[in-house]
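The listed protein sequences correspond, in order, to chains A and B.
For the first sequence, position 239 (counting from the first letter as 1) is numbered 239 according to this note's numbering, and the numbering increases by one without interruption.
For the second sequence, position 357 (counting from the first letter as 1) is numbered 357 according to this note's numbering, and the numbering increases by one without interruption.
Fair warning: there could be bad hints in the mix.
What the hints assert, rightly or not - Only pairs whose alpha carbons sit at most 30 Å apart, straight line, appear in this in silico DSSO-like list of lysine-lysine:
hint : chain 1 : residue 1 : chain 2 : residue 2
1    : B       : K374      : A       : K323
2    : B       : K158      : A       : K346
3    : B       : K109      : A       : K279
What the hints assert, rightly or not - Label pairs and their calculated CB-CB ranges:
hint : chain 1 : residue 1 : chain 2 : residue 2 : range
4    : B       : R222      : A       : R274      : 47 to 57 Å
5    : A       : N242      : B       : T289      : 28 to 38 Å
6    : A       : R267      : B       : K374      : 50 to 60 Å
7    : B       : S32       : A       : R274      : 47 to 57 Å
8    : B       : Q144      : A       : M298      : 26 to 36 Å
9    : A       : M298      : B       : D65       : 47 to 57 Å
10   : B       : K374      : A       : R234      : 35 to 45 Å
These aren't lab readings, by the way, just hints derived from the structure by calculation.
Since this is a predicted model, take the numbers as computed values, not measurements.
Note that CB positions come from ideal geometry on N, CA and C, so glycine has one too.
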Amino acid sequence: MKFSCGRETLIRKLQMAQRATDSKSNIAVLRNVLFMLEGDKLDLTGFDHRIGIKTSLECAMEEPGEITMPCSLLLEILGVMKGDSVYFQLDGFVMNIECGRQRYSVNCMSAEDFPPFPDIKESKSFDFAAEMLEKGIRQTYFATNPDDPRAFMGGVLMSSKGGRLLYVGTDGHRLAFREFEPGGSMPEFDVVIPTRTLGEILRMISETDAEKVEITTGDKTISFVVGDVFMVSRLIEVKFPNFTKVIPENTEGSCRVSRQNFADAVRGASIMARAKENKDMIEINITDESIKLFASTMDMGSATEEIEVVKKGNDVRVAFNSKYIIDFLSVVDEEEVIIDYTDELKPGLFRTDEPGYKYVLMPIQV
Amino acid sequence: MSNDDRKTGGRRAPFLRGTPVGRDHDREPDVSRVIALIDMNAFFAQVEQICNPSLRGKPLLVGGDPKKRSIVAAASYEAKACGVRSGMSYYEAKKLCPDAIAIEGDSRKYLDYCYRIVDIFREFTDVVEAFSIDEAFLDLTNVQRLFGTPERICGCIKERLVEDLGLTCSVGIGPNKLVAKMASNMQKPDGLTRIWPEELPHILWPFPVEELTGVGRRMKRRLARMGISTIGDLGRFDPAVLRGQFGVYGELLHQWANGIDESPVDPTCFQTVKSVGHSYTLPRDIDDTETARWFIFWLSDRVCRRMRRDNYVGRTITLTVRNSDFLSFTRSLTLPEHTSSVHTLRDRAMLLYRRNVPPGMKVRLLGVSFSHLKKETPEQMELFSNERQRRAVDAAVDAVKDKYGDSAITFATLIGRPRGMIRRKIGCFLTSSEKGKSDSPLARPPL
């Protein structure tokens with residue numbers, strides 16, 4: 001295996017593949033990236049059994065071959081090299097790397113030990129507008145909790161049924177729900193995608209500026225093609241609970257506020273809600289005249305913020321986790337947000353004028 | 001003084017070495033603390049004599065049931081004069097003092113007095129640590145400007161105890177807890193002794209080493225082999241050798257023998273409730289799950305009501321069972337979240353019962369308790385859980401009980417009576433055969 005390639009490009013592509021390696025794994029080969037050289041294309045693959053990422057770059061080949069190299073070590077070496085072009089030459093299981101007058105040798109492992117990507121059985125393939133995928137993920141995946149033992153909280157439900165496409169993410173305290181009507185013909189499917197996978201997709205979409213994402217999904221595995229990057233991920237095999245029953249339908253009050261003002265007020269008041277036992281709690285008091293936000297911590301002090309509101313229905317005094325509200329306010333783009341509520345023990349519904357997005361938040365019982 | 005001491009600066013140095021309290025290690029050692037230990041003299045006996053004037057002035061033994069093989073927990077000074085000591089069996093005590101009156105102690109009475117005593121202490125300082133039911137440490141360091149010298153403060157406390165409660169006590173005052181405790185033992189009953197830091201060796205050192213807190217029978221033997229018989233011997237001994245012999249404890253002993261003790265007076269001992277529970281000795285032994293269920297529901301309801309009233313939530317549920325052979329066992333389980341829900345408690349307690357009580361076992365006593373308690377803090381509610389409904393039910397039940405009394409609302413299961421038992425009035429049962437015998441000892445109301 002002999003080739004030379006641009007240093008900067010290689011670093012960028014390696015960093016992409018590195019995100020699918022497991023730097024803490026006991027199995028050495030899972031810490032490595034697979035190099036496969038054929039023609040003038042070098043494929044870089046990282047795979048930790050949960051996520052696999054394959055990316056490729058142009059290079060000048062002298063002799064084809066395949067090998068795995070420790071990823072973080074290689075990135076460190078490339079980082080200290082000064083030239084634009086790097087020359088690689090494999091000698092047995094030692095890769096010699098040259099750049100100007102810098103010469104490094106790295107011990108490698110056989111490509112045969114590298115695990116293959118899983119096959120996707122009974123698959124359905126379709127193209128997806130990147131924007132719809134990006135927005136759906138961005139507005140739901142933050143509401144999950146991969147650390148919870150309940151498996152369905154570790155990912156986002158993505159479901160296509162009867163021309164509707166749904167994204168649902170929840171951590172048991174809140175639930176983010178996004179609905180699209182994509183039109184065209186989309187096959188029906190129902191999968192729970194791990195939060196980490198979704199984070200990687202968001203990065204890839206933003207890094208590659210792709211407009212289209214090709215998705216292939218089976219029962220246990222899903223794959224994405226974003227630009228020139230291929231990604232494969234295990235699915236969470238769990239039945240998602242009936243989420244429709246926790247989305248409140250007939251609420252007794254509703255109010256409308258400016259998103260910016262509300263966000264400023266919540267961020268402000270939450271300064272005084274940092275004590276551990278308070279759980280970032282702020283109290284929201286909605287009356288005809290205004291929304292008052294109040295937060296206090298015993299040994300620090302208290303804060304009151306008041307903003308204008310347009311309100312229908314009854315008054316309420318209810319406490320929420322301020323972080324959860326800020327999460328919602330940072331993923332919606334509309335100028336105004338609407339809060340639907342019933343009382344201090346029932347869930348609040350946060351939404352905007354765009355009907356596709358709903359954010360259900362359980363209060364904190366004081 | 002060793003070289004190390006000189007480096008850290010003369011007077012304070014001895015206090016810096018091997019401070020026994022880990023969490024306070026960065027605190028500036030305070031050489032001018034004033035700590036008092038107040039020890040109620042023959043506490044149980046004094047309380048009994050106050051409550052029953054006919055016992056006053058007579059030798060009195062308080063302990064377990066005198067009809068059984070019990071020991072003396074406290075003896076009045078009249079009995080102590082005959083040589084009776086706490087911890088003796090009644091048999092031994094009666095031999096020494098044949099006239100002594102033996103009665104069974106009543107812990108609730110003593111606890112009640114204990115709280116009344118501590119309330120008096122609290123009028124003088126808020127840093128009060130109950131060391132046992134009849135002893136408490138008071139940190140007087142910061143209240144001297146308010147109330148005067150420690151002797152004056154303790155004099156006032158003694159007066160108040162006699163006037164308000166009729167109790168006498170022995171007071172020891174010293175620069176730390178250890179010395180205060182030793183001082184309180186100097187003069188009994190009704191004493192007040194202050195040991196100044198500079199007179200420590202003079203007063204402390206002549207005493208035999210077993211007088212020092214932390215030296216028991218075995219330690220005394222081991223020290224004797226090293227030629228140490230008095231506290232002074234220990235205090236003058238090379239700490240390095242003591243450390244080699246007894247480890248860290250050896251160094252602590254050396255410090256204690258020199259009157260050094262940095263442990264703070266801990267006022268939090270009153271603030272922590274460790275568990276909330278109820279138990280009940282059944283009117284007759286039972287062996288069917290249905291009746292057990294009745295009592296477990298009934299006990300759970302009372303436990304949770306008390307938890308909610310005092311704003312506690314708990315995580316560990318314990319079931320206590322005693323069978324007809326007086327064999328007791330407890331089984332516990334820990335929940336993922338803190339709660340005070342009666343539904344959770346009774347269901348889990350029943351689960352423990354079904355898992356651990358073999359069919360046919362004759363059960364004599366049942367107890368249910370919550371531990372791992374914390375004060376209820378604002379609770380983030382769950383979307384996928386029926387905890388919300390349960391809390392609403394608990395809150396509604398509490399509201400009804402607050403207004404109309406505890407008997408106004410209960411589980412449907414608890415309407416009527418457990419099988420074979422007749423409910424005479426709230427919280428009181430008779431077995432069917434005892435109907436009409438209202439003075440039956442079995443019909444005692446539960447705690």
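TODO: Please write out, lowest number first, the hints stated earlier that are contradicted by the structure.
DONE: 2, 3, 6 and 7
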